[in-house]
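Hey, can you work out the whole structure from these sequences and the hints?
My numbering numbers the first residue of the sequence shown as 398 and each following residue consecutively.
Don't take every hint at face value.
In silico PhoX-like cross-links for lysine-lysine, where the CA-CA straight-line distance does not exceed 25 Å [what the hints assert, rightly or not]: (1) LYS422 to LYS506; (2) LYS399 to LYS422; (3) LYS399 to LYS506; (4) LYS399 to LYS452; (5) LYS452 to LYS422; (6) LYS506 to LYS452.
Pair by pair, the computed Cβ-Cβ distance ranges are [unchecked claim]: (7) ASP445 to ASN477: 23 to 33 Å; (8) ASP445 to ASP625: 36 to 46 Å; (9) GLU655 to ASN477: 42 to 52 Å; (10) VAL606 to GLN652: 27 to 37 Å; (11) SER484 to HIS626: 39 to 49 Å; (12) ASP625 to ALA510: 19 to 29 Å; (13) HIS628 to GLU405: 30 to 40 Å; (14) GLY407 to ASP625: 22 to 32 Å; (15) ALA658 to ALA473: 41 to 51 Å; (16) ALA510 to GLU405: 37 to 47 Å; (17) GLU420 to ALA442: 24 to 34 Å; (18) LYS452 to GLU401: 14 to 24 Å; (19) SER599 to HIS626: 24 to 34 Å.
To be clear, the hints were calculated from the coordinates, so they are not data collected in a lab. Backbone N, C-alpha and C fix where the C-beta goes; we use that ideal spot for every residue, glycine too.
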Amino acid sequence: MKVEFDLECGVPVRGCLGIPDGEFKGLILLGHGMASTPERCFDDADNDYMNALGKSLCRDGYVVWCPYIVQIGDQASQNNIAAMLASHGVSAHNVSCASIDAGEIVCRKLTGASGLNVGAYGVSWGAFLVLHLEAATGRMRPTVVSGYMRDEKKLLMSSVISRNLGVELATYIHFSSSRARYTGAELAYLICPCPLFVEIGSRNGGNTVELGRDEKFAEMQSVYASSDHPHAIDMAIFDGVHEASGERARPWLYQHLESPAYQTTSRLKNAIAL
398 MKVEFDLECG VPVRGCLGIP DGEFKGLILL GHGMASTPER CFDDADNDYM
448 NALGKSLCRD GYVVWCPYIV QIGDQASQNN IAAMLASHGV SAHNVSCASI
498 DAGEIVCRKL TGASGLNVGA YGVSWGAFLV LHLEAATGRM RPTVVSGYMR
548 DEKKLLMSSV ISRNLGVELA TYIHFSSSRA RYTGAELAYL ICPCPLFVEI
598 GSRNGGNTVE LGRDEKFAEM QSVYASSDHP HAIDMAIFDG VHEASGERAR
648 PWLYQHLESP AYQTTSRLKN AIAL
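In C-alpha cells:
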C-alpha cells in the first residue's frame, strides 16, 4: 500500500506499508539505502541490495513501514533538498528519521492495529538512520543494522573518497564529518541497552576491517558489557557484498519482538536532540 502524508514541519512523506495476511505479529520500521526505494524493498523481481527485505518481513507476518528517504537521488538534488530544508530551519537528517518513526501512527491509522511490538531494520544509509533514531528517542526497539559498521574518519581518508575527487560529494562529506561523532562507543552510550544486531557482508568494501569494522563494533560491545548487557549486542559476517541478508538477523529480530521481555526493555528514556 502506497502512503502519502505531511510531517508536522510540513515536509511531505511518501512510503509503502506492507500488510501481511492473517494475524499481525508486530511492526517493523524499515530504512532503505541510498540506491533503493520503498517499492523495490517489496519487489523480489528487482535485484537490488535490499533483496526484497520488506516483502520477506511482511510474508513472515509483520506489518512493514518503509518511507522514501529524502537524500535519495542525484547529488545535486540531495544538496538542494538539504539546503531548502535548512533555510526553513529543518534538518534533512531529522526529516529522514521522523519519516521512519512515523510508522506506528501510519500503521494504527491504516490498519486499526495498536499496541504492536515494534522493531527497526536499516540497510546501508537506512542503518545509520535507525541507529540515530534510537539514539534520539530511546525507545529500545530491537534494531538490526545491515551494511554499516566502520570508522567514519578512516573512510574519509581512504581511497573510497580520494578516487572520487572529481565527483560532487558535498552531502556525503557533510554528513560523514558530523556523524563521525556518533559511531562506536559514543553511539553505544546513547542507545545501550537497546537490543542491537549488526550484519555485514564479508565482501562489503565500505565496511572492512581496515575501515574499522571490528574496532568500532568492539567499542560498542565494551559499552554494553560495562552496562551489564553484553548479550544485547551481536554481529554476523555473512558471505556477501553490500546487501541485506537477514539469514541470522530476521530470526534474531523476531525472537526479540516475540519475547515476553519486550515490554520491559522497549521503553522511553530521556530523549536527546538529533
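For each hint, the structure was consulted:
1. LYS422 to LYS506: Roughly 17 Å separates the two Cα atoms, so the pair holds.
2. LYS399 to LYS422: Roughly 21 Å between the alpha carbons, so the hint for LYS399 and LYS422 holds.
3. LYS399 to LYS506: This hinted pair holds, its Cα atoms lying about 14 Å apart.
4. LYS399 to LYS452: holds, 14 Å
5. LYS452 to LYS422: With a Cα-Cα distance of about 15 Å, the restraint between LYS452 and LYS422 holds, given a limit of 25 Å.
6. LYS506 to LYS452: Answer holds: LYS506 to LYS452 is near 21 Å, not above 25 Å.
7. ASP445 to ASN477: 23 to 33 Å: Given a distance of about 24 Å, which is inside 23 to 33 Å, the answer is holds.
8. ASP445 to ASP625: 36 to 46 Å: With a Cβ separation near 40 Å, ASP445 and ASP625 satisfy 36 to 46 Å, so the hint holds.
9. GLU655 to ASN477: 42 to 52 Å: holds, 43 Å
10. VAL606 to GLN652: 27 to 37 Å: holds, 28 Å
11. SER484 to HIS626: 39 to 49 Å: Because 42 Å falls inside the window, the suggested range holds.
12. ASP625 to ALA510: 19 to 29 Å: Hint violated: Cβ distance 34 Å, outside 19 to 29 Å.
13. HIS628 to GLU405: 30 to 40 Å: holds, 38 Å
14. GLY407 to ASP625: 22 to 32 Å: violated, 43 Å
15. ALA658 to ALA473: 41 to 51 Å: holds, 47 Å
16. ALA510 to GLU405: 37 to 47 Å: violated, 23 Å
17. GLU420 to ALA442: 24 to 34 Å: holds, 27 Å
18. LYS452 to GLU401: 14 to 24 Å: The hint (14 to 24 Å, Cβ to Cβ) holds, given that LYS452 and GLU401 are roughly 21 Å apart.
19. SER599 to HIS626: 24 to 34 Å: Roughly 27 Å apart at Cβ, these two residues keep to the hinted range, so it holds.
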